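Residue numbers (this note's numbering), protein chains in the order written: chain A, 1 to 156; chain B, 1 to 308.
These are calculated hints, taken from the structure and not from any lab test. Just so we're clear, the structure is a prediction, and the values are computed from it rather than from any experiment. It is possible that part of the hints are untrue.
Claimed, not checked - Below, in silico cross-link-like pairs of lysine-lysine (DSS-like), each with a Cα-Cα straight-line distance of 27 Å or less:
hint: 1; chain 1: A; residue 1: 90; chain 2: A; residue 2: 80
hint: 2; chain 1: A; residue 1: 123; chain 2: B; residue 2: 99
hint: 3; chain 1: A; residue 1: 123; chain 2: B; residue 2: 12
Each chain, written out:
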Amino acid sequence: MNEKRNLKVQAIENGTVIDHVKAGQALNVLRILGISSAFRETISFVMNAPGARGKKDVVKIEGKELSIEELNRIALISPKATINIIRDFKVIQKNEVVLPSYVEGVVRCTNLNCISNSSEPIKSKFSVLQSEEEGVSLHCLYCDHVISEEIAENLL
Amino acid sequence: MSFKNRHVISMKDFSREEIDYVLDTAEKLEPVARGEERSRLLDGKIISLLFFEPSTRTRLSFEVAARRLGGQVLNLGSVEASSVMKGENLADTIRVISKYADLIVLRHPLDGSARMATEVASVPVINGGDGSVHHPTQTFLDLYTIRRESHLEGLKIAMAGDLKYGRTVHSLCHALSLYGAEMTFVSPPELRMPSEIVRGLRKQNICVKETDSLEEIIGDVEVLYMTRVQQERFPDPDEYEKVKNSLRITGDLLKAAGPDLKILHPLPRVNEISPEVDETSHARYFEQAFYGVPIRMALLALAMGVIE
Numbered sequence: 001m002n003e004k005r006n007l008k009v010q011a012i013e014n015g016t017v018i019d020h021v022k023a024g025q026a027l028n029v030l031r032i033l034g035i036s037s038a039f040r041e042t043i044s045f046v047m048n049a050p051g052a053r054g055k056k057d058v059v060k061i062e063g064k065e066l067s068i069e070e071l072n073r074i075a076l077i078s079p080k081a082t083i084n085i086i087r088d089f090k091v092i093q094k095n096e097v098v099l100p101s102y103v104e105g106v107v108r109c110t111n112l113n114c115i116s117n118s119s120e121p122i123k124s125k126f127s128v129l130q131s132e133e134e135g136v137s138l139h140c141l142y143c144d145h146v147i148s149e150e151i152a153e154n155l156l
Numbered sequence: 001m002s003f004k005n006r007h008v009i010s011m012k013d014f015s016r017e018e019i020d021y022v023l024d025t026a027e028k029l030e031p032v033a034r035g036e037e038r039s040r041l042l043d044g045k046i047i048s049l050l051f052f053e054p055s056t057r058t059r060l061s062f063e064v065a066a067r068r069l070g071g072q073v074l075n076l077g078s079v080e081a082s083s084v085m086k087g088e089n090l091a092d093t094i095r096v097i098s099k100y101a102d103l104i105v106l107r108h109p110l111d112g113s114a115r116m117a118t119e120v121a122s123v124p125v126i127n128g129g130d131g132s133v134h135h136p137t138q139t140f141l142d143l144y145t146i147r148r149e150s151h152l153e154g155l156k157i158a159m160a161g162d163l164k165y166g167r168t169v170h171s172l173c174h175a176l177s178l179y180g181a182e183m184t185f186v187s188p189p190e191l192r193m194p195s196e197i198v199r200g201l202r203k204q205n206i207c208v209k210e211t212d213s214l215e216e217i218i219g220d221v222e223v224l225y226m227t228r229v230q231q232e233r234f235p236d237p238d239e240y241e242k243v244k245n246s247l248r249i250t251g252d253l254l255k256a257a258g259p260d261l262k263i264l265h266p267l268p269r270v271n272e273i274s275p276e277v278d279e280t281s282h283a284r285y286f287e288q289a290f291y292g293v294p295i296r297m298a299l300l301a302l303a304m305g306v307i308e
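Just chain A, same shape as in the assembly (with noise of 0.2 Å):
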């Protein structure tokens, strides 16, 4: 059973795996990693595979270490990830991600009357908050709003 699960995705020789993203934003993962098209490296992955705590979705990105500010971005939208930095096809390290306090030019402010939606020549910031009751949000630098609902629909 486990021979036929890892099949699905390819094992990496040197890079990083991005495990337990929450199902459905592995897309959004590599928005916030800033991986598009231009990107040369092979980069797998699978979204709602079944794992033991429910579906989930993982990306590896092959021949890359990231940061631990870019990882610690995708917290943003799955709190619960796990990185792996594999170097010989062995996990060298393994992390969860910790929630940033801050980030820069990540997501856009959904008040289209905000500064930073705006000509003018700068990133939007936020400060990032968690609460029990309602999860991560953030709190625009610029305008004050909240964003809660919608940071993955409005990663830039």
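Since chain A is already given, all that's left is putting chain B on it; use the hints.
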């Protein structure tokens, strides 16, 4: 406590002690604001008023405040005649004006514009109102009026009218929470105070009540802060027609008021306060408009470091 070179963007940037300090400073400057004493505190200083949307009272009171202290005022003039029409962005405008003036007062239609201005300005920026978010000098003058005409600590206040969109009442709620006020929100259901503000106040153990009836609360509050129901906020004119006269202060209503009740209004009013109220001892909204001058004098003088 030094405010030198400090920006004034949001009431949330100020502690209670700092607010008290601004109010104390305004009180000392009040004789100058009334023209009873002369001052040269801002002699040689240039204050630039960058108003990208019309606002007669705020602009004029800043201008009076600067001139009463001996400062010079640099006006942007009409937006149509400025470099904005040539496509210059606000950030560059602020950078350039920073080279001409000692302080910038900015009024701009976009939310967060004043905060952005602080990132590029090399002089203090005072927010004269940005979009629908902040108008801190209005809140300072509201607090000053309440302190001068009633009292701040443990105040029983009602805020009435358009509580959904009114930025003045939103900031005022936050500031009054620092003084342990009891707040009653009076509005038609369509214009209730945003639930996150009500929730936030209750989390701070502030006593908050909500109603749609002025009659119900008029005998039980010390300050009634009235606001205009803004026609421009209603996409459907019929909806505006339904609520526009739902809250009105009249002579009849005031028969049930306590003798010390003070009525405030950020102005302009339309028909939410009947003219007969103007002659009563309750009306304080024209004094409130005047108090904008000593408050803005205090903020100008403190931000430029001529009072420490």
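To see whether the hints hold, each was checked on the structure:
no.: 1; hint: 90(A) - 80(A); verdict: holds (22 Å)
no.: 2; hint: 123(A) - 99(B); verdict: holds (24 Å)
no.: 3; hint: 123(A) - 12(B); verdict: holds (23 Å)
Checked against the numbered hints listed earlier, the structure breaks none of them; every hint is satisfied.
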